[in-house]
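Sequences listed follow chains C and P, in order. Sequential numbering from 69 applies to the first sequence in this note's numbering. Sequential numbering from 123 applies to the second sequence in this note's numbering.
There could be a bad hint or two in this list.
[Unchecked claim] Label-pair restraints from in silico Cβ distances:
{"hint": "1", "chain 1": "P", "residue 1": "Arg135", "chain 2": "C", "residue 2": "Ser122", "range": "36 to 44 Å"}
{"hint": "2", "chain 1": "P", "residue 1": "Pro124", "chain 2": "C", "residue 2": "Arg125", "range": "15 to 23 Å"}
{"hint": "3", "chain 1": "C", "residue 1": "Pro93", "chain 2": "P", "residue 2": "Pro124", "range": "34 to 42 Å"}
{"hint": "4", "chain 1": "C", "residue 1": "Leu274", "chain 2": "P", "residue 2": "His191", "range": "40 to 48 Å"}
{"hint": "5", "chain 1": "C", "residue 1": "Glu316", "chain 2": "P", "residue 2": "Arg135", "range": "28 to 36 Å"}
{"hint": "6", "chain 1": "P", "residue 1": "Asn132", "chain 2": "C", "residue 2": "Gly286", "range": "23 to 31 Å"}
{"hint": "7", "chain 1": "P", "residue 1": "Glu140", "chain 2": "C", "residue 2": "Ala281", "range": "29 to 37 Å"}
{"hint": "8", "chain 1": "P", "residue 1": "Ser128", "chain 2": "C", "residue 2": "Ala411", "range": "26 to 34 Å"}
{"hint": "9", "chain 1": "P", "residue 1": "Glu206", "chain 2": "C", "residue 2": "Leu393", "range": "45 to 53 Å"}
{"hint": "10", "chain 1": "C", "residue 1": "Ser442", "chain 2": "P", "residue 2": "Glu206", "range": "36 to 44 Å"}
{"hint": "11", "chain 1": "P", "residue 1": "Pro124", "chain 2": "C", "residue 2": "Ser258", "range": "42 to 50 Å"}
Rather than coming from a laboratory, the hints here were simulated on the basis of the structure. Just so it is clear, CB atoms sit at the ideal spot from N, CA and C, and this is done for glycine as well.
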Amino acid sequence: MKLLYDIIIVGAGPAGLEAARAAAPGGASICIIDDNPLAGGQIWRGGPQQQKDSRARTLWQSLQAARNVTIMSATRVLYSPAPGELLVQRDADAAGTQRGQAGFRAAEVLRYQRLILATGARELLLPFPGWTLPGVTGAGGLQALAKGGYPVAGRRVVVAGSGPLLLAVANTLKARGAHVAAIVEQAPRSALARFAFSLLATPSKLLQALQLARDLRGVPYRHGIWVRAAHGEGRVQRAELSDGSQIECDYLACGFGLLPNTELARSLGCTVVHGAVQVDEWQRTSNPAIYCAGEGSGVGGVDLALAEGRIAGGMAASLPAAGALAARSRWRRFAIRLAETFAPRPELKQLADDDTIVCRCEDVTHGELKAHASWRSAKLHTRCGMGPCQGRICGAATAALYGWQPDAVRTPISPARAGSIIATVTETEETTA
Amino acid sequence: MPDLISISVNGARIGVTEGVTVAAALALAAQARGSVGATRHSVTGALRAPLCGMGVCQECRVTVDGRAHVLSCQTLCREGMQIEAAQ
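Based on the provided sequences and hints, a complete structural model is requested.
Given below as structure tokens:
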């Protein structure tokens, strides 16, 4: 049995939820799939109803009230077995309460008329000596972990890398009782000053920045500096900075900005340009039945994601998306200023030494990789990119370090249980027999 | 006040607040030993702990109720859950 929906949305972050809200009034049957146990994506992690941002709560209320919207949490898309179909795997452990319930199926084929990809972004993590030590995390990574109950109270944390996310991360950690020893921003002072001035164009962001500055009073903010190495016995104990100074810490949360998640789009044949899914003015990808909204079509933050979600949802349901086009233009300009300000500096590509692991799944070092001319050659000879993350971390790292381009995406796009695939193949044979 | 639930980490019982992730439970269990909650051994035997926090990097995978390769950062603790992780 295959479940049929008019619209399937992959990703329950702001873009995906807003797309569902925009599409719902037309009466279409809508299913939102998300791999986390709770909706909200990264920015509204822990559930939209729990957020300070009132937009999250209102959005969630209207979706709860809509009878034609189903949310499948703890569910991962594996691949598309046929056009208009997605094979999904439900995590029986994450969705523990579902398991054993009547009708629970660990894998399922879902069919759609229209698909909206709202797959969000991940962090750009660049290798430096010691980055594999326990306690070294992404910047948004530690924020996400802390929101899931990861203990940070009383811990010394260095938040490093680049982008306004560092401030939000420091704020979350501080609110949870962490001692933020420093925020280390690689962007130079001149770029930050220009960016701060440009915030006058977006008063809501200016207000947010001032609020953050007030909350983070007393936390040292260093700019034009970056983490050169992490040191410690069995876990991170010190961060060594590019100015030669060292800061003691229990956690080093380091991320260099965000990268669109494009694996599903690529596996569906959608065109990806400069790392983001290409969309037209209606958020439609190169495949007219597939839309993309939010960070997947270019990183720009929650406001841009909401505008794009509204457009994509409206279009997919053939409803007007009034007002969203102007908002999108405004937030796209903001996104360009962000990208310019926080572009990673060339020195960050020189941090790995020969012993530094670049591919963390297969423990392949910079020394082994630098001899290779391409991603393909490195894969074949060293297994770089062939572990369970499927190149999601080392792909971006090797693109930055060596300028390599990744191969076509391999399916299933996430590690899958053999049973999920076998069950579907058997089912397909039954229906075609 | 959220409820406390009882789980087991490498055979030792601990109580955690309902709603916390398995990754958090491992870190809480390790706290007493003054260590970071490791999750797995890398292919060359080094201890690893969560990195991306959002289900991408696969560093946080552990065995939950006998099932291997469960992502601890995306899995919520549940009463009676048995977690096996590297230590």
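Sort out which numbered hints this structure fails and list those numbers smallest first.
-> Those not satisfied are hints 6 and 8.
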